[in-house]
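There are 2 protein chains.
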Amino acid sequence: MLDYKLLEALAAVVDQSGFERGARHLGLTQSAVSQRIKLLEARLGQPVLVRSPKLAPTPLGRRLLNHVLQVGLLEHDLLDQVPALGDSEQRLRLAINADSIATWWPPAVGQFCTEQRVLMDLVVEDQDVALKRMRDGEVAGCICTTPRPVQGARAHALGSMRYRALASPAYVARHFPEGVTHQRLATAPAIVYGPDDGLQHRYLAMREYHAPFPHHLCPSSEGFVRLALAGMGYGLIPERQAARELAEGWLQDLDPKSHIDVPLYWHHWRHGGQILTALTDHLLTISSHWLAPMHENPEPGSA
Amino acid sequence: MLDYKLLEALAAVVDQSGFERGARHLGLTQSAVSQRIKLLEARLGQPVLVRSPKLAPTPLGRRLLNHVLQVGLLEHDLLDQVPALGDSEQRLRLAINADSIATWWPPAVGQFCTEQRVLMDLVVEDQDVALKRMRDGEVAGCICTTPRPVQGARAHALGSMRYRALASPAYVARHFPEGVTHQRLATAPAIVYGPDDGLQHRYLAMREYHAPFPHHLCPSSEGFVRLALAGMGYGLIPERQAARELAEGWLQDLDPKSHIDVPLYWHHWRHGGQILTALTDHLLTISSHWLAPMHENPEPGSA
Numbered sequence: 001m002l003d004y005k006l007l008e009a010l011a012a013v014v015d016q017s018g019f020e021r022g023a024r025h026l027g028l029t030q031s032a033v034s035q036r037i038k039l040l041e042a043r044l045g046q047p048v049l050v051r052s053p054k055l056a057p058t059p060l061g062r063r064l065l066n067h068v069l070q071v072g073l074l075e076h077d078l079l080d081q082v083p084a085l086g087d088s089e090q091r092l093r094l095a096i097n098a099d100s101i102a103t104w105w106p107p108a109v110g111q112f113c114t115e116q117r118v119l120m121d122l123v124v125e126d127q128d129v130a131l132k133r134m135r136d137g138e139v140a141g142c143i144c145t146t147p148r149p150v151q152g153a154r155a156h157a158l159g160s161m162r163y164r165a166l167a168s169p170a171y172v173a174r175h176f177p178e179g180v181t182h183q184r185l186a187t188a189p190a191i192v193y194g195p196d197d198g199l200q201h202r203y204l205a206m207r208e209y210h211a212p213f214p215h216h217l218c219p220s221s222e223g224f225v226r227l228a229l230a231g232m233g234y235g236l237i238p239e240r241q242a243a244r245e246l247a248e249g250w251l252q253d254l255d256p257k258s259h260i261d262v263p264l265y266w267h268h269w270r271h272g273g274q275i276l277t278a279l280t281d282h283l284l285t286i287s288s289h290w291l292a293p294m295h296e297n298p299e300p301g302s303a
Numbered sequence: 001m002l003d004y005k006l007l008e009a010l011a012a013v014v015d016q017s018g019f020e021r022g023a024r025h026l027g028l029t030q031s032a033v034s035q036r037i038k039l040l041e042a043r044l045g046q047p048v049l050v051r052s053p054k055l056a057p058t059p060l061g062r063r064l065l066n067h068v069l070q071v072g073l074l075e076h077d078l079l080d081q082v083p084a085l086g087d088s089e090q091r092l093r094l095a096i097n098a099d100s101i102a103t104w105w106p107p108a109v110g111q112f113c114t115e116q117r118v119l120m121d122l123v124v125e126d127q128d129v130a131l132k133r134m135r136d137g138e139v140a141g142c143i144c145t146t147p148r149p150v151q152g153a154r155a156h157a158l159g160s161m162r163y164r165a166l167a168s169p170a171y172v173a174r175h176f177p178e179g180v181t182h183q184r185l186a187t188a189p190a191i192v193y194g195p196d197d198g199l200q201h202r203y204l205a206m207r208e209y210h211a212p213f214p215h216h217l218c219p220s221s222e223g224f225v226r227l228a229l230a231g232m233g234y235g236l237i238p239e240r241q242a243a244r245e246l247a248e249g250w251l252q253d254l255d256p257k258s259h260i261d262v263p264l265y266w267h268h269w270r271h272g273g274q275i276l277t278a279l280t281d282h283l284l285t286i287s288s289h290w291l292a293p294m295h296e297n298p299e300p301g302s303a
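In order, the protein sequences belong to chains A and B.
Counted from 1, the first sequence has number 109 at position 109 by full-length UniProt numbering; the numbering is strictly sequential.
Counted from 1, the second sequence has number 98 at position 98 by full-length UniProt numbering; the numbering is strictly sequential.
Hint data in this document are derived by calculation from the structure and do not stem from the laboratory.
The C-beta atom is built at its ideal place from N, Cα and C for all residues, glycine as well.
Be aware that a few hints might be false.
What the hints assert, rightly or not - Quick look at which bits of chain B chain A covers, simulated, 3 or more residues with Cβ under 8 Å: (1) 58-69; (2) 152-159; (3) 222-230.
Said to hold, decoys possible - What follows is a list of derived Cβ distance ranges for each label pair: (4) B:52 x A:214: 30 to 38 Å; (5) A:29 x B:148: 25 to 33 Å; (6) B:214 x A:17: 14 to 22 Å; (7) A:257 x B:270: 45 to 53 Å.
Generate the whole structure from the sequences, applying the supplied hints.
As C-alpha cells, this is what we get:
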C-alpha cells in the first residue's frame, strides 16, 4: 500500500498553503513534514510540489491529492458502519460559483450539512472554470455551466440562475433617461465581474452592441450589488440576490421584459462515497425550489 | 523616451489575462501584440512576462506596469487641464479587502466616482496581503491592516471594522445552549474565510481556546453571512454587514459584550496624480461615518 503518512503531509501542506501551517495542522514540526514530502518525492523519483513562485502541486501531486480525497470519502463510509474507528465528521471540498454561494447554495445545503455532519471547504470559482478544479482532482464536486462531465465524474442539470441588468434609479435617470440605446451604452459605466465577463458580453450582444464600453471591475458578488446600489454602474445581477433591492425600488430593471438564464450543472466524482451520493440526491430534490427551470432539457451525463 | 506602444501592449496582456483578450482590448491582432512584447523583451534583454504555468509579469515586467499606471494617472491630470487631448475618464486599480467591498466601500466612494468620472478596477485581496500588490506596483492604492507604507507610498488611518461572532438562533440553541464553553468550541462548526483566518484565531485566543475546532471554509464575504444564516456555523462577521440580520433576530451575537476591531489603513502612491489625492481627501473626510474609531492613534506614515 501507499504510505499515507507521506500523502497526508502533502495534502496538509497544499490545503494549508504552506509548510509551517501544514505542519501545525498535523501537529508535527515543519522539518518532519518537509522530510515526509522529500521522502515521497524520492520514492516517486519526481517532484510533487512546485515551491516557487507559489507553492502548488505538480500534475503528479494533484493526482495524489485527488486520491487522498477519494480515500477520505471512502473512510467516511467505513466510519459510518464502524463508528468506534473515529469521529464521523466529513469534509467535502467543492468549487461553487460566487453567485451561487451568495444566493441559493447556503440555504439549500445548510440543513443537509448539519444533519449529515458535513463540513464544507468551498472554493469560489467562476462557473466556467470550476470544472478545471474537478479535472485536476482538487475538488470532489463543483457547480458549472457545462453539462459534460470530466473523466470519472457524473453531471446533473440543476436549473438556471436568472440574471437581470440592474442599476439604481438615480443612475438610470442619469445615463438612460430615454431607455437603453447604443449611444448611451458607449458612455454609461457598466460593472463587470472580471476582464472576461461572459454575462456582460451576452447582454450587449443581445442588444446588438459590439463597441467598447466604460466599466468598473469588481470580482465580488456582494460588492457588485453594492456598487450598483451606490449608483456607480449597471450590472447583470442574479434576480434572486437583488429580490429585496428590486422590491424596495433601490435597484431598477433596465429590461423588465428580458433576462439572461445561466444553466447550472452539479458535477461530482462517480466513486465519491455515500456522502457525495446523498448530497447529489439532496441537490436534485431541492434545486427546483431555488433555480429557474432550464429551457433545454439535457440528459444527465456520465464519463 | 520609452516606447509606450510596447508598454501598452504589456499592460493590456496582463490586465486582460491573455494575449488574445489583450489584443482585442487594443483593437490589434494577437500577432501584433505578441511582436510588441517580443520587441520590448529584446530591447531590455530580459523577459517581462512568464508564460507558464500562468501568464504573469516578471519582476521587471511589474516595475514597467507600475510605471505605466503612474503615467496614466499623470496623463489624467494633464487631460483635466487640456480636455481637447482626449476623454478624461480615469481608471484606478485598487486592492480592497472583501469585507470592505461587501460593506462600506461602495456607498463611501460611489458619488466620488460618479462626479470625478473614475472607473474602478477592484482587486479583492485579504487586508493582510493587499500591501504586497502595492509593493509589486499592481495597484495604485489599497486598504490593509498595516500602518507602514511601502517605498514611494503614503498611508493614512481610516478607522476600524468591528467584527462580532454571530450565528443563527437555531445553531446557538444546538451548539451553545449554556453559552460558549471550551468543550462546545471543540465540536461546534465555525465558518472561516481561509486556512489562515486571523480573525477566527484572535477570537479563540480571546477565549483562551487553543485546541482544534471543526470548520467550514468559505472565501466569500456574502457566502459567509449566508452560511451563518443557514445555521451551518458561527463566524466573525462585520457588525455593519449583519446589521439587518441582527435587528431582525436572524443572527445572534455569541458575545454581546465583546468584539474584535480590525484597523484599516488607506495606502496610495505618493506621486499618483490629482485623482488619487482627491480620493484620499475624500476617504479621510468620510471614513469616520463608516468605520469605528481606532483605539490607538497612529501617525499617518510616509515612505
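Looking at the structure, which of the earlier hints fail to hold?
-> Numbers 1, 2, in rising order.
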